[in-house]
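K.L.:
Sequence:
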Amino acid sequence: MMRIGLPVLLAALLVTPACAKKAPSCEVPATLPRPMLEGPSVDQPRRLLPTGGYTLAVSWSPQYCIDKSSSPQDHIRCGGANSFGFTLHGLWPDGEGALWPQYCKPTRLVPDKVIREHLCSTPSPQLIQHEWEKHGTCMSKTPADYFAKSGKLFADLAFPDMKALSGRTMTAADFQRKFADANPGMRPEEMRLNVGKSGWMEEVWICLDKQFHRRACPAHQGGAAPGQVVRIR
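Numbering-wise (my numbering), the sequence shown opens with residue 45 and increments by one.
Warning: the hint list may mix true and false statements.
Below, computed lysine-lysine pairings styled on DSS-like, alpha-carbon distance capped at 25 Å [stated by the list, open to error]:
hint	residue 1	residue 2
1	K149	K207
2	K185	K207
3	K193	K241
4	K149	K222
5	K112	K207
6	K241	K149
7	K207	K157
8	K157	K185
9	K207	K254
10	K254	K185
11	K222	K207
12	K222	K196
13	K241	K207
Cβ-Cβ distance ranges computed for the label pairs, FRET-style [stated by the list, open to error]:
hint	residue 1	residue 2	range
14	T95	A188	15 to 23 Å
15	T213	P150	40 to 48 Å
16	P84	D225	25 to 33 Å
17	Q255	Q117	19 to 27 Å
18	R78	K254	14 to 22 Å
19	D253	L92	19 to 27 Å
20	G124	G229	35 to 43 Å
21	H264	G83	35 to 43 Å
22	D253	R277	37 to 45 Å
23	A263	G243	19 to 27 Å
24	D156	G243	25 to 33 Å
To be clear, the hints were calculated from the coordinates, so they are not data collected in a lab. C-beta: ideal position from N, C-alpha, C; glycine also.
With the hints as extra help, turn the sequences into a complete structure.
P.N.:
Dropping the structure here:
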């Protein structure tokens, strides 16, 4: 019988199959920073509005981490031995117009167990807390339900060969076609690109209807124009 060393066994326990699929390297620290409650504010008020659909937002870590390697709050994602590609920013309820519901009800801290279960998809305890407070409270009864849904949608996504695209410059439409081609049945118009001022691709936003099926993104939601030049980190 093959004997497995303790370090290898511990690593296998720390990285679930779903996490390993998305993150080339992800270990959940024994001690996590405790998130803080956020709640609505003057700039980000509570809004109770009908839900017209959803957005699944995924973030490209090599771009996000470009100037955050020494940031304490981003250490799990951008520092240490972990390595991430696309990560789950969040699942957001959209409104029926330009505004969306947010901070729908008061809540408490996300349980540590839930944070640990989803940290390899969303590698920041504070971002997990933020996503639950701002978005999850408008669509789910519990954090566990909300992150189970967003985590399943994220796990079902496939991604283009980003190593082959790294360092390349293309149009937004070109990248959207490559992303869609990696997901059978997806159409380029079912996503938007969030591109920074310098032209670097930061996030991909997948547009979903009320049943969480992909749909063409509403025009008012914006995103990079098809012919906009996009750079891939």
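K.L.:
Which numbered hints are broken by the structure, listed smallest first?
P.N.:
1, 2, 3, 4, 6, 7, 9, 16, 17, 18, 21, 22 and 24
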